[in-house]
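Student: Here is what each chain is made of, one letter per residue.
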Amino acid sequence: MNEHGTEHGGPVADQRSEGYGSTAVRLDQGHVEGTGRLPARFENPGLPPHIPRAADLDDAAAKRAEKQVATMFGVSMLGTLVFIVAYFAIPMETQVFMPGIGKANLSNVVLGVSMALGLLGIGVGAVHWAKTLMPDTEVVEERHPMRSGDDARRGFVKTLLTGGTEAQLDRRPLIKYSLGGALGLFALPMVLQVAGSLGPLPKDELSKTMWKKGDRLVRDPEHTAIKATDVTIGSVFHVLPESIKESEHILEDKAKAAVLLLRLEPDDIKVAKARDWGYEGIVAYSKICTHVGCPVGLYEQQTHHLLCPCHQSTFDVTQDCKVIFGPAKRPLPQLKITVDAEGYLVADAPFREAVGPSFWERG
Amino acid sequence: MNALAARRRHPAAIALLILVGLLVTGAAYAALAPKPAQASTTSAAQAEEGKKLFQANCSSCHGLNAEGTPDGPSLAGVGAAAVDFQVGTGRMPMAAPGVQAPRTERIKFSDEEIAAMAAYVASLAPGPAVPDEEYTSGEGGDVAKGGELFRVNCAMCHNFAGSGGALTRGKYAPPLRDIEGKHIYEAMATGPQSMPVFNDTNISPESKRDVIAFLHSIDKQENPGGLALGNMGPVSEGLFIWVFGLGIMIGFAVWLGQKSA
Amino acid sequence: MSTTAHNATGADRLRANDPEPEAPVSPGLNKVGGVAGWVDDRTGAAKGVGYLMKKVFPDHWSFMLGEVAMYSMIICLLTGAFLTFWFVPSAGHVAYEGSYLPLRGVMMSEAYASTLDISFDIRGGLIIRQIHHWAALLFIVAIQVHMLRVFFTGAFRKPREINWLIGAQLSMLALVEGFAGYSLPDDLLSGTGLRAAEGFMRSIPVLGSYVSFFVFDGPFPGEAIIPRLYSVHVLLLPAILVGLFTAHIVLVAVQKHTQFPGPGRTNENVVGYPVMPVYAAKAGGFFFIVFGVIALMSALVTINPIWAYGPYDPSPVTAGSQPDWYMGFADGALRLLPGFLEFEAFGFTFSFNVMIGAILLIPVMYGLISIYPFVEEWVTGDKREHHLLDRPRNNPTRTAIGMAAISIYAVLMFAAGNDIMAIKLGLSINDITIFLRAAFFFAPPIVYWITKRICLSLQRRDRDLVLHGRETGRIIRTAEGRFYEKHEALDPYTRWNLVQHEQHQPLQLEAGTDQHGVASPTARMDRLRAKVSHFYFKDRVEPVSPAELEAAHHDGHHMEEIEQQERGGATLVEVGSGDNPDAEHSSRH
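Chains as they are written, first to last, in numbering that gives the first Met the number 0: chain A, 0 to 362; chain B, 0 to 260; chain C, 0 to 588.
The following block holds chain A by itself, in its conformation from the complex:
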């Protein structure tokens, strides 16, 4: 059955003499000019009849509601009281075991729950009060068009234009243009001061790290030097340059100088340069991701992949840390290493390219 009723076709009984039905139309007749008895659209039936609530009709219900509201306000007061007592009484280190939560800080739990009760008591009480006892007859407020009346608009325009005329702006274009110039420029000193003094020019700082030839590789965070024999196949060491201890800007230097030391079977390293820059299968790569700079720490020993946890850039150590998945583009820069006279691993040269995320003038 569809609303068009055409399934059943046939003439429709028409000409009712009573009620509305002057001419009911068949819906497949298309647009038919009505005689005006039926309105074109439904009319708003107005507000539905008001249904009183229990508390409106029954005194006992109202009294009950009053008691409920008062109880909730009472709960609030109780909560506040508990907070005040608990604030002084509960030592800060006490723990409480709560199922599902573990050992929580008792002070935090009690202060929080009591505060919550203190607040919820008022809120729920007030809302319940409004719902049960305050009038719930709907009230109608008339709107007015947002726009001002035409008179007001004319007055506005008139005032504005008169002001302009009285200021002789139209007669004195020199004032107009010079005003424009002054206003256009006056904010520049403020902008210049803050923008210009915010920080130093980068110069070449983004392109250089503190690694120098001869710098020993030390463990992070213990700062102990590493012998080549300490590094076994499948190991990963997190290293820093030895001279970082004397740095005045330790974190800033660390943010560029953090390096990963790995050992693979030399045959597994497929790129000759990567093998040459390493030492007997020990290779060192910058730990700073070339995407946006997170430390690339995850080393998968079996697949020789380095994974960055932030956006999943994946670098293949066997292919000179080429990007094999993820949003990074450039491979991790390699640090050329060798051993010194005592067998400790040292940098053989500084990084040959900028480490970390790309930037415009990186080239």
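These aren't lab readings, by the way, just hints derived from the structure by calculation.
A hint or two may mislead.
[To be verified] Some chain C residues well away from chain B (every beta-carbon gap over 10 Å; in silico): (1) L188; (2) V249; (3) G309.
[Said to hold, decoys possible] Just the calculated beta-carbon pair ranges, DEER-fashion: (4) B/T200 to C/D216: 54 to 60 Å; (5) C/V251 to A/P98: 42 to 48 Å; (6) C/I370 to A/G179: 50 to 56 Å.
[As the list claims (entries may be wrong)] Interface residues of chain B toward chain C, partial, derived using beta-carbon atoms under 7 Å: (7) L3; (8) C156; (9) M248.
All C-beta atoms, glycine included, are put in the ideal place defined by N, C-alpha and C.
Based on these hints, arrange chains B and C on the given structure of chain A.
Tutor: Same frame as chain A, now just chains B and C:
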């Protein structure tokens, strides 16, 4: 008629009789049944015992002489520690093929059997030994230092609280909850599956003890702020606020707007 | 007042009985009059406040979402002010001396140490800190759900476009405010986020390295970023937020709140309850409820356990490094953007793989959000004021566009949690990423199409309900053995909700040239406008008209007999279909 005879028709009598029968049978079996191979005190015998167990349970993937097959790597040089870890945490024998072997509760072998297999594998080639009790209990470890080491070396895979993290292609770094100190040490020393090797020259035994102490401190489940939501960071917090925070607020809002009874 | 039914009282009538000024009623009132009188003597406020107290606000739970946002912001301001008494916005290095043992002796910034002190050594510090952070999260949840409500109900139409723009700005600034806030403690997780932010800045062409060095006062991390973020978070953005949000609610008061259509509600009135006493109690009570629920959450659920993350250091990082949820979409975009978008040309590096997600996404997203009301106005040619809300189903194209936008946002959000999903669902993170990259493109059209079809079907269902009434479940069996179900006509109040809306027609193109063959200067734009309008409104379902209802009655065959309304009241239902031979029940009930 004595008391026992007076009660012989009691409905519980038959149940009691069955119970007694079971206990007697079980005890007899336990006393008389052939025992599985005991770990012997000499290490050569132990290795021999281990070889038998190995060939029965592990050789199908690792080869008859642990030389490796396409299904499982060679075990030469992995050391007793690796066996103690893999078998002791239920990872091996691998129950079902998959990207990696998960830790299981079901440990098929007794401690003596594990020690036997470990002795066998250790005999193949030198490798990390089962660590000393002194370092594996975590006692006396510096939790603060362990935390620093953990955050530099481990958190990037296992998450700051050891709740686990993703690796590529479906692999993962498992959560580190409630693990024996010995197994933590061994995992670091042997580098199981995707995990790199953190041998004693990388992270010293004292440092390993500190890491163990740190992890055990997290096991104490001290969550000062309340429910930790899995210690997975902002993702679970965001989920919580959308589901519960918004849900509760909408609940109150709906209640507020409803006509009262 | 023509639409008011018998027992409704106009706000005007309320005001008509306002007492004459020179008639103090009782000594008690005199006392109140004392204080109020003192103030009024000096400000003349009685008239205005009296007017405001009688203002009418409509009732719907979805109108409370904006209130949740507002109250959450107030709670943040309050708890935030407290936190400033103990938080030290300094990157200076100290060794920790407080009571959290796992960090004793560890070197950290003063900001981090002071946050630990707040959490462990200041009484009630942890609860205040947790309330602050949970309230911040809820603030942004409420803003976004509120924005969606406004969008789907068309409340942004004239005269509320300005409020929509203000709201879009509030939403965007709230994101920045939150980011600044959670970066203040200088913990490992948020510090990693700052590190990524520095990488984002570097990706800006030409100026990138300068922006990075200016913001951080040198190389990352520097010692300036924490105090600078503090200024932004405590001073700059709260001032702007409070200013914008005040303008936002003043506009709501001036323009009056919109209302859902319903019996008695027209475009020229507001039906609801007055501020005094109902809304004062309800809205005021709701503030306490929001605050109380947040306090309860803060008592029982940890948020941002900075003691577990450890202090920030550029070397370590945690698995599952995500920003707070509201930045998730940007993080997800960065995970999905492929690496080949970065390339070198003319000796310079163009990092679009970062720039698109980190720099362009938010302005573009908010730009699109901001212009939407104007696009719809252009497309409908509708210059009237709208104070009655749309039911989302009655504007299927807008609803479908909104859902498609949500689907894009959801794809990005899921992308941000790809590693968490991988371990919790046992999937490969690579597969998830590749799937979501594809979903970014194929999900929106699918969601658009499905939503539009659902809306149109729902509209047809509404038509059906009006024309044929409600199925009562009462089966009548005639003597011949035919069965049919009685339908009950909708009462006029329920029916009104289903028939009150208007459907827009697609704009008709005027002739592109005038009678002399001169092309209209706006011909091209007009053609585009007509095309977009056609796309919007070509599929529409008109609401039932009285004539159609009439026809349905006459044509309604015995299978869907419509009963006379039992409850009286005006009815358009034609009573009497005696010419229908199958109407065995013509005697009615």
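Student: Are the hints correct? Go through all of them and say.
Tutor: Do the hints match the structure? See the list:
1. For C/L188, the shortest C-beta to C-beta distance to chain B comes to about 6 Å, within the 10 Å cut-off, and the non-interface label is violated.
2. Non-interface call for C/V249 relative to chain B: holds, since the shortest CB-CB distance, roughly 23 Å, exceeds 10 Å.
3. Non-interface status of C/G309 relative to chain B is broken: a Cβ of that chain comes within 10 Å, the nearest being about 5 Å off.
4. Between B/T200 and C/D216 the C-beta distance comes to about 40 Å, which lies outside the given range of 54 to 60 Å.
5. Taken as a hint, the range 42 to 48 Å holds for the pair C/V251 and A/P98, whose Cβ atoms sit roughly 45 Å apart.
6. Under the hint 50 to 56 Å, the C-beta atoms of C/I370 and A/G179, about 29 Å apart, miss the expected range.
7. Given hint, B/L3 at the interface with chain C, is violated; its Cβ is 58 Å from that chain's nearest Cβ, farther than 7 Å.
8. The interface hint given for B/C156 holds, since its Cβ lies 6 Å from the closest Cβ of chain C, which is under the 7 Å cut-off.
9. Taking 7 Å as the C-beta cut-off, the interface hint given for B/M248 holds, the closest approach to chain C being about 5 Å.
Violated hints, listed in ascending order, are 1, 3, 4, 6 and 7; each of the other numbered hints is respected by the structure.
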